Amino acid sequence: METLNPEKWIDNYADYLYNYTIVRVNDHIVAQEIVSETLLAAWRARKNFKGEATERTWLTAILKRKIIDHYRKVNSAKGQAEISMSYPSPEMEGDWLEENIADSQNRNIEDMLENEELRLAILKCLKQLPEKQAEIFRMKTIEGIDTETICKEHQITPSNLWVIIHRARKSMSACLEKNWFN
Amino acid sequence: MKFCFKCNEANHQCDKHQYDELHFFEVLVMKIHLFLCRRCREYSKRNKRLTDTLSSANLHLLPEEEKTKLKNKLKAEMRKDAHP
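Sequence order for the protein chains is A and B.
Take the first sequence: its position 140, counting from 1, is numbered 140 in my numbering, and each next residue is one higher.
Take the second sequence: its position 34, counting from 1, is numbered 34 in my numbering, and each next residue is one higher.
Among the hints, erroneous ones may be present.
Heads up, simulated EDC-like pairs for lysine to aspartate or glutamate below, C-alpha to C-alpha not over 20 Å straight-line [stated by the list, open to error]:
| # | chain 1 | residue 1 | chain 2 | residue 2 |
| --- | --- | --- | --- | --- |
| 1 | B | Lys-71 | A | Glu-55 |
| 2 | B | Lys-71 | A | Asp-11 |
| 3 | B | Lys-45 | B | Glu-9 |
| 4 | A | Lys-124 | A | Glu-177 |
| 5 | A | Lys-127 | B | Glu-65 |
These aren't lab readings, by the way, just hints derived from the structure by calculation.
These numbers come from a predicted model, not from an experiment.
Given these sequences and hints, build the entire structure.
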């Protein structure tokens, strides 16, 4: 049976929840606010956690509701657009050519789900790196920060940085080989 | 500029290449090494695959300062419950 560990929520799930949100709202600030609201709401609702799902699934369910709330707010501010549609004759009802074409949206949803799983695998592998190595790797590789800035911030030389990056890349490759490619 | 180097140097060059931090001539020298060395070719292949995988994931990470802010917010909320 799963138990909650709120002290570890940010270390364990903040990146995952943030990624989940950003691909859906496409705005860094809004995504940060939604993640923050989600974790606070989860803390307030902790007594409702039954332990049947994993902590991550439970937090994601709360996050999904927060994302829907966000869109509701945005839409109510805009005013709602109404679309009405009718078939030209009763015989054609449900027989439009478009209804027989595969929905291209489905592919996007599949892609989105696959990316979701890939991101999860990458985050899992990142967590297995030593703390400093992970920090430097994420700065350099994911955030795209230049070598000089990272060296200054961590007080290391460029050759130290490349040694750290090399070790991190080897570990990440091996980890993804095991958890994603196979 | 050296025309030939050891495998560990070639691997570091290959890492730099993943971040576009090699000059044209350095790329050329690295490619000559890869042509001659099967082990480094294998490393280079895996390295490139890692780069492609990471970029296809379109990963965004929550900035560290935001994580710290969020931790403080959550701790404050927890304290409220401990001492209402």
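Comparing the hints with the structure gives:
1. For the given pair, B/Lys-71 sits about 17 Å from A/Glu-55 by alpha-carbon distance, which is consistent with the 20 Å threshold.
2. Between B/Lys-71 and A/Asp-11 the CA atoms are separated by roughly 9 Å; this keeps the pair inside 20 Å, and the hint holds.
3. About 16 Å separates the Cα atoms of B/Lys-45 and B/Glu-9, which keeps this hinted pair within 20 Å; it holds.
4. The suggested pairing of A/Lys-124 with A/Glu-177 holds, with an alpha-carbon distance near 13 Å, which does not exceed 20 Å.
5. Taken as a hint, the A/Lys-127 and B/Glu-65 pair is honoured in the structure, with Cα atoms around 18 Å apart against an allowance of 20 Å.
Figure legend: structure checked against the earlier numbered hints; every hint is met.
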